[in-house]
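Participant: One letter stands for each residue in the lines below.
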Amino acid sequence: MSKHAPELFKETLASSRRQFIQRAGGLTLSATAVTMMAGATASAGTGKQSSNAVKQDIRILNTAIAAEHEAVAAYQLGAESGLLNDAVLPIAIKFQGHHKEHIEALAAAVKQFGGVAAEAKADYRFPVEKLKTQSNVLEFAAGLERGAVSAYAGAIPIFDNRDLSKVAASILADEAMHWAILRNALGLDPVPGAFFS
Amino acid sequence: MQQGQHIYQQCMGCHSFEYHRTGPMHCQLFGRQAGSAEGFDYSSAMRESDIVWNEESLDQFLKSPLTFLPGTSMGFVGLQDRAQRTTLIDYIKERSMSDLCAQ
Numbered sequence: 004m005s006k007h008a009p010e011l012f013k014e015t016l017a018s019s020r021r022q023f024i025q026r027a028g029g030l031t032l033s034a035t036a037v038t039m040m041a042g043a044t045a046s047a048g049t050g051k052q053s054s055n056a057v058k059q060d061i062r063i064l065n066t067a068i069a070a071e072h073e074a075v076a077a078y079q080l081g082a083e084s085g086l087l088n089d090a091v092l093p094i095a096i097k098f099q100g101h102h103k104e105h106i107e108a109l110a111a112a113v114k115q116f117g118g119v120a121a122e123a124k125a126d127y128r129f130p131v132e133k134l135k136t137q138s139n140v141l142e143f144a145a146g147l148e149r150g151a152v153s154a155y156a157g158a159i160p161i162f163d164n165r166d167l168s169k170v171a172a173s174i175l176a177d178e179a180m181h182w183a184i185l186r187n188a189l190g191l192d193p194v195p196g197a198f199f200s
Numbered sequence: 377m378q379q380g381q382h383i384y385q386q387c388m389g390c391h392s393f394e395y396h397r398t399g400p401m402h403c404q405l406f407g408r409q410a411g412s413a414e415g416f417d418y419s420s421a422m423r424e425s426d427i428v429w430n431e432e433s434l435d436q437f438l439k440s441p442l443t444f445l446p447g448t449s450m451g452f453v454g455l456q457d458r459a460q461r462t463t464l465i466d467y468i469k470e471r472s473m474s475d476l477c478a479q
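Chains A and B, in that order, give the protein sequences. Positions 4 to 200 (our numbering) are the ones given, in order, by the first sequence. Positions 377 to 479 (our numbering) are the ones given, in order, by the second sequence.
Note that these hints are calculated values from the structure, not bench results. Glycine included, each C-beta is placed from N, C-alpha and C at the ideal position. One should not assume that every hint holds.
Stated by the list, open to error - A partial selection of chain B residues facing chain A, derived with a Cβ cut-off under 10 Å: (1) His382; (2) Gln385; (3) Gly389; (4) Ser392; (5) Glu394; (6) Pro441; (7) Thr448; (8) Gly451; (9) Val453.
Chain B with its partners taken away, still in its complex shape (with noise of 0.2 Å):
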């Protein structure tokens, strides 16, 4: 957990799990489909993906999100360490299904 949350920090320039900053809030981010969070203005590459956010689609997207999907804005070159990967998915699914996000 202290080791995902030392990898988020590399997220933390444009997400937060509570609210929508220059990129989508992370809450309820398990399950969602890609582009449908409400009251953030994503991409149209994002919008119109059929991208639902699971461990596999958010290892494919972490890897390289331009590669993934061309036209994101993410502007994030990706974690090319699939273990980092795995310890930031983790991180970030338990996080999005705690307490914090109940609200």
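So here's chain A without its partners, still in its complex pose (with noise of 0.2 Å):
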């Protein structure tokens, strides 16, 4: 951990914490979704893009919800896995929350185009024999965040609807936020530099 991280974690822990209450209560799509998606679904159906693209947009969108509920099962993990202290589960938690978010934003998109989201898998596999430490649990969390950057980066240019593209840049940049506040916990510079590849 850095000198700055435990700082940065008290910092947040209050907020982190009113969040996870809030959040108890269902899982009702989100205002900030309903904002998000406005703008894509309003071209849903209108005709403005043809069956196969929609049909594309669809397989890109549930690969991208795929991604989302590991992440939420990996933050699962490694909130029910005793090694994170008291300042960093409240963060673990609040990016878990982030995921279920951008699902939530993601599956509104995929109905509201005519197509079915995709569920979380019954089991997933990780490196659980790896994770023996708290540094472990972040080492292993940061690299799951740093792929979805590269994910979404590698998503974004494909959508046919651009108000998709709009979503996934909006979903990148708070996976980008993400793998910075773990780094920073790790020690590691949290922006190693002014391009992401």
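The task is to assemble the complex, starting from two chains supplied on their own in separate frames and drawing on the hints.
Facilitator: Okay, here's the thing in structure tokens:
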């Protein structure tokens, strides 16, 4: 952990707890998700996109949803590992909540476009044998978040519906913030370069 | 190898060598019929393709997955830089045939 990390976690601890409590109410579509999807769904079914283009967009959305489900499961694993201290655990729960919100928004788009959103798998395989310390868990989470940034960066250019690209870009930004925070917690440079590759 | 590992990070949102994730595992990828890894739920496009993964097919796929195989679930724009693709493919080949994948 870097010197700065504990303070950073303390600052966000109170708000994380509040958000966790607020989230306990259920999985209704958040106001943010509704707003994010408003532009994308407005053009769904208007005939502006070909059938094949809509199907392709749904496949891309569902691939993203599948990855988000994996992230939710990974943070659950981390939260239940007993390895995260009182300062770090709320951050993990907060980030998990973000991934749940991403799923809500993406699944709403899939439904609006006439598709069926990908469900979470019954089981996920994670390298649990390598998770012995808090740092191991944070490294694992940072790797997933970095991968998520790459995945969204690779998906944004290929959505036929450009409103979906905007939504994906918004999610990418959130994933990048997660990655930076986790790197900082590990004592690494949170922003290692001007460009991401 | 190090450069290939760096480029492979772009794959790690969905893939790993050792096990299936959002995308299929990469161990024993070379020589494998596309859509045939046991335990992974492929798109019908991938399942029904006649692709065998080798340097050439991977190069074409990675350049633009949706162009090479319309209907694939791999929602990735592709790697346009040929040198990067070659480096990545070399890395995947070496890693997928290493002791890591021997179990």
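Participant: It remains to establish, for every hint, whether it holds in the given structure.
Facilitator: We went through each hint and held it up to the structure:
1. His382: At about 8 Å, which falls below the 10 Å cut-off, the nearest Cβ of chain A leaves the hint on His382 of chain B intact, so it holds.
2. Gln385: With a closest approach of 6 Å, the Gln385 of chain B hint holds.
3. Gly389: Since the shortest Cβ distance to chain A is 3 Å, the answer is holds.
4. Ser392: Result: holds, 9 Å to nearest chain A Cβ.
5. Glu394: holds (8 Å)
6. Pro441: holds (9 Å)
7. Thr448: Where the cut-off is 10 Å and the nearest Cβ of chain A is about 8 Å from Thr448 of chain B, the hint holds.
8. Gly451: OK, holds: Gly451 of chain B within 10 Å of chain A, min 3 Å.
9. Val453: This interface hint holds because 4 Å falls under the 10 Å limit.
Checked against the numbered hints above, the structure violates none of them.
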